[in-house]
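So the sequence lines, in the order shown, correspond to chains U and P. Under the working numbering, residues -14 to 245 are what the first sequence spells out, in order. Under the working numbering, residues 5 to 304 are what the second sequence spells out, in order.
Simulated from the structure, these hints should not be mistaken for lab results. Take these hints with a grain of salt, some might be off.
Claimed, not checked - Quick list of simulated restraints, FRET-style, between CB atoms:
# : chain 1 : residue 1 : chain 2 : residue 2 : range
1 : U       : S24       : P       : F169      : 32 to 38 Å
2 : P       : L151      : U       : F25       : 25 to 31 Å
3 : U       : L57       : P       : W81       : 41 to 47 Å
These numbers come from a predicted model, not from an experiment. Cβ coordinates follow ideal geometry from the N, Cα and C atoms, glycine included.
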Amino acid sequence: MSRARLGPWLAIALGALYFLVPLIGTFEFSLRMRRGEYSFDAYWIVLSDPRFQATFGYSTVLALATIVVGVLLVVPTAYWIQLRLPRLRPVVEFITLLPLVIPAIVLVFGYLRIYNSSSLLPMTSSQRATDVLLMCSYVTLALPYMYRAVDTGLRAIDVRTLTEAAESLGASWFTILFRVIFPNVRVAILSGAFLTFAIVIGEFTMASLLDRPAFGPYLQLMGANRAYEPSALAIIAFIVTWACMGLIQVFGRGARQAAR
Amino acid sequence: MTTQSRVETHPTPAATLQLGRMSWSWLGVAPFFLFALMFLILPTGFLVVGGFQDADGNFTLDNIARLFRPNILSAYWISLEISAASALGGAVIGFFLAYAVVLGGLPRWLRPTLMTFCGVASNFAGIPLAFAFLATLGRTGLVTVLLVQYFGFNIYSTGFNLLSFWGLALTYLYFQIPLMVLILTPALDGLKREWREASAILGATAGQYWRYVALPVLWPSLLGTTLLLFANSFGAVATAYGLTGSSLNIVTILLYAQIRGDVLHDQNLGYALALGMILITGLSNGAYIWLGTRSQRWLR
């Protein structure tokens, strides 16, 4: 028995080594700023950099807007497909998979061409309009994850009975959607939201090509010009990603316990 | 069985009512389709059409032909090689990790830990990932320095360079392996214990079980996920850009430079470049989806 277990343990050990060593290496590197001793100097410099605060704040606001718009777009659609138009399900599922098929850089290339300042819908003409375009690009990027999360949540509840019960009590469509359906798929929405946040917060390609002051381009700029700060930023980015995934787990577990 | 056929032959009043309301029901999904049209279909369509047009808008295959110029062809080629290397590496290593945690008889707590970590690592891509590998395997990175200090071994003297083909492939593995584990674990869960027991009763060895039972069931998932990993790294920009700047001539970096400053001095050639990328990621993702439906036949 112990011999048979050696292989799996070896695989896990090597895997752990490959995944932990870069994190340890990054952390160690981020502490090296002061000569001869370890310090958190790089972190203080990064955290007190006004550009860090500005870009991180910008990307956070953008991520929140992306989540709100994404949820408002996906939940009613998935609900309606489940309730009234099941025949369209394959079409909608295919469309939600497209952002995984078409690389982000190709999508943003297309946006720059059809929404340029001389087009019918000049979404790159002002900064505010470009912010909206960037938010829409992020909604597109997050679409596969958001749709899958919400669709799984909707399949787990009895949409038809809930709708009919609410209708027979005289509820309007608005009430049904926001006071019946939304609370019931809250956990699914939250997990889609945190995943969206993790994807959007450090996104580089789209923000850089649309020339917006987001966190991703700031990271790239620091990487090109500084030595120790990038490592500190990488650790911060990793903690943010970890926090998002951890929160998904926490909410998911809470829901399972409540269902029991 | 009988109830099912009755429902099929005699539509219920509710179903007829729904057909009557069909024209209005469309409105409920109109925002979604409008969004998809504006931010997925039209932008992609514009590039696809532009790839087949000359500067005056006439139809031409010239742009496609010019993709085979040496500098563009080599960019595609390096991208394909890096994607293939990181997809195959990620698939093989990811398979062993998933196998170890599902069928390896390891302690139970290991599995949720690994899955959570894979969820994080598969999303830890882009610029921060490039920083992490620079701090680890760069010229002054921790591992490089420690190897010199304790073993007198300089990995850079062997010709290794993080800012090169293998360095990039090694970095991509950081999100490829976890993605493989995440997708493959449910498939391995689908291998039923009874199949293994039945083949053991019939006298099959472990090798024969894998050769004749497990692999024939698993191969669509294995191949499909490998193709997904391939497309995943083929379209990646940020990690490569953060790691190598624009020094490595891969197709996403070339397209990035083209969008920024028209380095090819030919807009329509840029569209054709994007068209080629859509074709490659589209084919491999299409095969992934097709293989995914095949694998569901057995793995439920």
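Here's how the hints hold up against the structure:
{"no.": "1", "hint": "S24/U - F169/P: 32 to 38 Å", "result": "holds, 36 Å"}
{"no.": "2", "hint": "L151/P - F25/U: 25 to 31 Å", "result": "holds, 26 Å"}
{"no.": "3", "hint": "L57/U - W81/P: 41 to 47 Å", "result": "holds, 43 Å"}
Of the numbered hints stated above, none is contradicted by the structure.
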